[in-house]
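Enquirer: Here are the chains, one letter per residue:
There are 2 protein chains.
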Amino acid sequence: MASLSKVAELLLGADNVEILTHHYPDGDTLGSAYALCLMLRSLGKRARVLTSGTPARKYEFLKKGVEPQEFERKFVVSVDVAAPSLLGENQQEYEDIIDLCIDHHGTNSICAKQSYIDANAAATGEIIYELSKEMGIGLTREMASCIYTGISTDTGCFRYSNTTACTHLIAAELMAVTPDWHVINTEMFEVKTKEKLALEKMVYKTLEYSCDGKCALIYTTLEMQEAAGITDDEMEGLASIPRQIEGVLLGITMREKEDGTFKISVRSNKDVSASDFCLRFGGGGHKAAAGCTIKGDLESVKKQLLSAACEML
Amino acid sequence: MASLSKVAELLLGADNVEILTHHYPDGDTLGSAYALCLMLRSLGKRARVLTSGTPARKYEFLKKGVEPQEFERKFVVSVDVAAPSLLGENQQEYEDIIDLCIDHHGTNSICAKQSYIDANAAATGEIIYELSKEMGIGLTREMASCIYTGISTDTGCFRYSNTTACTHLIAAELMAVTPDWHVINTEMFEVKTKEKLALEKMVYKTLEYSCDGKCALIYTTLEMQEAAGITDDEMEGLASIPRQIEGVLLGITMREKEDGTFKISVRSNKDVSASDFCLRFGGGGHKAAAGCTIKGDLESVKKQLLSAACEML
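So the sequences go chain by chain: P and F.
Per the working numbering, the very first residue in the first sequence carries number 7; after that it's consecutive.
Per the working numbering, the very first residue in the second sequence carries number 7; after that it's consecutive.
If you're looking for bench data, these hints aren't it; they were derived computationally from the structure.
Each hint should be verified, as a subset may be incorrect.
Identical copies carry no separate label here, and so any pair may be met within one copy or between two of them.
[Said to hold, decoys possible] Below, computed lysine-lysine pairings styled on DSSO-like, alpha-carbon distance capped at 30 Å:
{"hint": "1", "residue 1": "K220", "residue 2": "K301"}
{"hint": "2", "residue 1": "K12", "residue 2": "K80"}
{"hint": "3", "residue 1": "K308", "residue 2": "K12"}
{"hint": "4", "residue 1": "K220", "residue 2": "K207"}
{"hint": "5", "residue 1": "K211", "residue 2": "K200"}
{"hint": "6", "residue 1": "K220", "residue 2": "K263"}
{"hint": "7", "residue 1": "K308", "residue 2": "K293"}
{"hint": "8", "residue 1": "K220", "residue 2": "K70"}
{"hint": "9", "residue 1": "K308", "residue 2": "K211"}
{"hint": "10", "residue 1": "K207", "residue 2": "K119"}
{"hint": "11", "residue 1": "K263", "residue 2": "K207"}
{"hint": "12", "residue 1": "K200", "residue 2": "K263"}
{"hint": "13", "residue 1": "K263", "residue 2": "K80"}
{"hint": "14", "residue 1": "K198", "residue 2": "K269"}
{"hint": "15", "residue 1": "K276", "residue 2": "K200"}
{"hint": "16", "residue 1": "K70", "residue 2": "K139"}
{"hint": "17", "residue 1": "K293", "residue 2": "K200"}
{"hint": "18", "residue 1": "K263", "residue 2": "K198"}
{"hint": "19", "residue 1": "K69", "residue 2": "K119"}
{"hint": "20", "residue 1": "K309", "residue 2": "K70"}
{"hint": "21", "residue 1": "K70", "residue 2": "K276"}
{"hint": "22", "residue 1": "K207", "residue 2": "K276"}
{"hint": "23", "residue 1": "K198", "residue 2": "K211"}
{"hint": "24", "residue 1": "K263", "residue 2": "K64"}
{"hint": "25", "residue 1": "K69", "residue 2": "K220"}
{"hint": "26", "residue 1": "K211", "residue 2": "K263"}
{"hint": "27", "residue 1": "K269", "residue 2": "K69"}
{"hint": "28", "residue 1": "K69", "residue 2": "K276"}
{"hint": "29", "residue 1": "K269", "residue 2": "K309"}
{"hint": "30", "residue 1": "K308", "residue 2": "K263"}
All chains should be modelled from the sequences, with the hints used to inform the complete structure.
Expert: Dropping the structure here:
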């Protein structure tokens, strides 16, 4: 693994940089990517972000001031992408040509020329922050907003166990540069559309417990999505519902996709590993938050999940 | 107003200290009170906490290691109590004999011999932290847990606009002393009983919009509480539901009480002042979060609230 100073050196020597995010892009992959893009541009380099899938509307502000740039890519960086399959639509074209992989997932399986994986970082945004120091770049308001977003979304606003004293110290510094941090938190954690509320009402009805109340499962179907009038990019955040329930160790959220699969999000409490659970279905992630994809109809996928859950608990 | 060093001096010279919290005690008033109690006891003084109303079960851990002490009170301190009426059942006996008032509500109207009000502190817990430094007391794990709880609950876990860089720096220090911070966050912000979920389902049905969608109102009745099988101490947290909705500037939550009144919690967005709104009904609080109590039946109280809301918006 490369050192942080090696990473800084590589980036300082690079140009025409293409930055890749993971698919279903979240605040950390997008915030890290746009912050890095702005950092490189501040040095007069050409750089752009290539996402997989359309980012949710609420993340659009991260692009502010990042005008599109046309160039022939010479250096490819992935940020916050834990596995080749998570490159989504960009996997085939990019998985074998990544020059630098920057990530905070300990399970990272990307094959890049150079990798910098810091599993102690609460968010990839923290690494990007450290990198800005290492590269001697003074953070602008926009860069700070991007990094703050990455850190705050990946830590549940400093709530989750991945938060460290270091995370708080970085937040204190970022707040001095971006007065927008509070607006960001409101947008990321508070605002709910009326359609989202309508969907949540329906989701509550699907809630079922199993394994003596230690597992809770909810689901959404395409039909429910349509009835609520909700767009794909607003579907985030449901996964925290089943885990919140007292006594639940494994919270499973199933989301029907258009291609006949279910996207499964798993959240766990105490010593239960969501990541181990998802590995059984070819997925992965962190100990407390992981995911996988399963093909099949609602009842059969649910049965597989519940039987695996009760086996594990 | 007294200086922090004056406050430290007063407390260092005091003994037999009775510490008062506000009624419907929350994480900040309880965390601050128990931390201060432990601090005074660590100096060999006698001190105890007198709450108004039974604290919610989830706050019970704050009492850990604070054994009851019998003594004749010689010094009375109120923490996080913004107004005499908020002393609840202790108002009559105590409102005129408070020696020291420590608070972070700018609107504080307690008449005490000495007062220390720091409206820039995100939580009274922050003041207690500064006070520990001023008094030369090294924080124990229990004290740090109490203070962390106060700060994290009053800032929505570092999410709300009252959070400052200083709040983050204090959190970073507290985390080094209490490894429990993450468990505290889970208990404070995540865990929901099955009964609470059942109530929320019902509450979603009461949601109504007014003033062109700028005001949203929800309510709970004693009947709903009984149907959900929920205890009084689990009723917290509903107030954030109406404010979260896109476009809502004033979110009102009505809760029917046994004495024929409704406890009203108001949360506001952008430039709208929840505190100004509640002042109309004899209540008060912060700009973004305030409360009041109104006597009457559901429909008439609702009508008063909605008409005041539309007048204000």
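Enquirer: Which earlier hints can't be squared with this structure?
Expert: Failing hints, ascending: 3, 10, 13 and 20.
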